[in-house]
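These protein sequence lines are chains A and B, in that order.
Residue 36 in the working numbering sits at position 36 of the first sequence, and the numbers go up by one each step.
Residue 137 in the working numbering sits at position 137 of the second sequence, and the numbers go up by one each step.
Treat the hints as calculated values from the structure; they're not laboratory data.
Do not rely on the hints blindly, as some may be mistaken.
Unchecked claim - To list a few chain A residues with every Cβ distance to chain B over 12 Å, as calculated:
1. Phe3
2. Leu16
3. Val24
4. Glu34
5. Gln35
6. Gln43
7. Lys77
8. Asp84
To be verified - Distance windows between CB atoms, simulated:
9. Arg217/B / Asp120/A: 37 to 45 Å
10. Glu181/B / Asn83/A: 57 to 65 Å
11. Asp87/A / His130/B: 53 to 61 Å
12. Pro4/A / Asp143/B: 31 to 39 Å
13. Ala334/B / Asp120/A: 57 to 65 Å
14. Glu34/A / Glu23/B: 16 to 24 Å
15. Glu12/A / His130/B: 47 to 55 Å
16. Ala172/B / Glu94/A: 40 to 48 Å
17. Arg258/B / Asn83/A: 41 to 49 Å
18. Asp84/A / Asp214/B: 36 to 44 Å
19. Ser68/A / Ala6/B: 24 to 32 Å
20. Glu129/B / Thr66/A: 19 to 27 Å
21. Gly280/B / Ser68/A: 37 to 45 Å
22. Glu128/A / Pro218/B: 34 to 42 Å
Stated by the list, open to error - Here's a subset of chain A near chain B, in silico, CB distances under 7 Å, partners left out:
23. Gly37
24. Asp38
25. Val40
26. Glu62
27. Val64
28. Lys65
Being a predicted model, the structure only gives us computed values, none of them experimental.
Where a beta carbon is used, it is the ideal one built from N, C-alpha and C, also for glycine.
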Amino acid sequence: MEFPDDVYYTTEHEWLRLEDDGLVVVGITDYAQEQLGDIVFIQLPDLSDVVLSKDEQLAEIESVKTVSEVYSPISGKVVKVNNDLADGPEVLNEDPYGYGWLVHMEPSDDDPTAGLMSADEYRDLVSEGG
Amino acid sequence: MSGSAARTPLYATHLDASARMVEFSGWSMPLQYSSIVKEHNAVRTAGGVFDASHMGEVELRGPAAIDACEQLFTSELRKLRVGRAKYGLMCEPSGGVMDDVIVYRIEEQRYMVCLNAGNVETDLAWINEHAGSRCEVEDRSADTALIALQGPAAATVLGELVDGAANLSRFACREIILEGETALLARTGYTGEDGFELFLPSARAEGVWNAIADAGRPLGVIPAGLGARDTLRLEAGLPLYGHELALDISPLEAGLGRFVRDDIKTAIGGETLAAERERGPARLLLGLLPDGAIARQGHEVLAGDKVVGRVTSGTHSPSLGRPVAMALVDAESATVGLSVDVRGRIKPADVTALPFYVRQR
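With these hints in hand, go ahead and build the complete structure from the sequences.
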């Protein structure tokens, strides 16, 4: 299982990456995709309704076996969604930290990563059983 | 996971294979070993080996065993020859389905009935109540393992291990000697593919599982879990108890009229079923192709804005590459212009004939 060092992790098994332009990329972790199994549908936010509060529903990810909601790890505006996932949802299984990203957000807080976990902390959480 | 879940004789084998275990009907069972889709596709193109040891087995023996079977089960069993198996339903007097079973006629006066894991206790009480005074009823569940080998390569693989296995015809069964013990080999399954089910003593399960896995590996046969078992049976239009079958669903509603024999009045529930057949079932089981979302059990089926039924099972079909579902829908409802309410999103769903998938022969 992969735990890259260049992202921050949430207890809800999401990751955040800070970009140079101040935007935040959000996705789900390797552990999360593995738990879901074969992913077949991803419902992303409609770009006409894009300001989310922390913990508001951001996406819905459906695998063969189950459906799971993804809640926004930060408050902010969704500025870009990964439309490629509509045609190739399996990318989320194959490359959760790369091509499997979900959205780019413009955070409303100064420090969007406050309170989030490092790779080592998240690895510990997952090894304790999530 | 609950620590109280029962374990099949292959529990340790599944853990060694890094299976993801889930609780199902009180049993700790493998959901998947690698990926549901990968295991599903292996069964469609090569083969998969399944642990189905959670299923129950009960034997009915004696001169009156056939009378008991015909009273308990809906199918035409009196004509069943020795060495043949038949699917059927066990119903309440109301016609509701207590379980769906396969009856194997092993000897002239000896029948084995395969039961769903979640129903074993109630089934056994019912069978004992209605048959116990007339014939010998023996629960074999605890000492019987069930390994299923399913897929186009199944006959080749099993032929290497059991002489003449490939010659067994569909729904035939035969006792064989395996590792010095008697086992029952049947050309039956729950995937829509060719394949076998092997009932064997629990103590032999691990050795036989490994032998099948080793013989199958070069041909692409892999272990497959309950996840793939569900997508495979759904594509094949096969009912699952608790979904398409339940106490408040009749076999006729579930589209299983061909397993309700002509003289059904001699079976428990037969009067009700005969009357229902006369007037036609109130609901029908339909195949649906929901557009752009997976409809799952319990989701409402709509005709316009009117609720006309409910989804009984739904998944992503790996073979079709799209969502499929089965639904129980009011018989008088239109079959065009239906839609499904998937968590508040209304998705159009075309009606299609079941099964969704038919194997190439």
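**Request:** Determine which of the earlier numbered hints do not hold for this structure and return their numbers in increasing order.
**Result:** 4, 5, 6, 12 and 20
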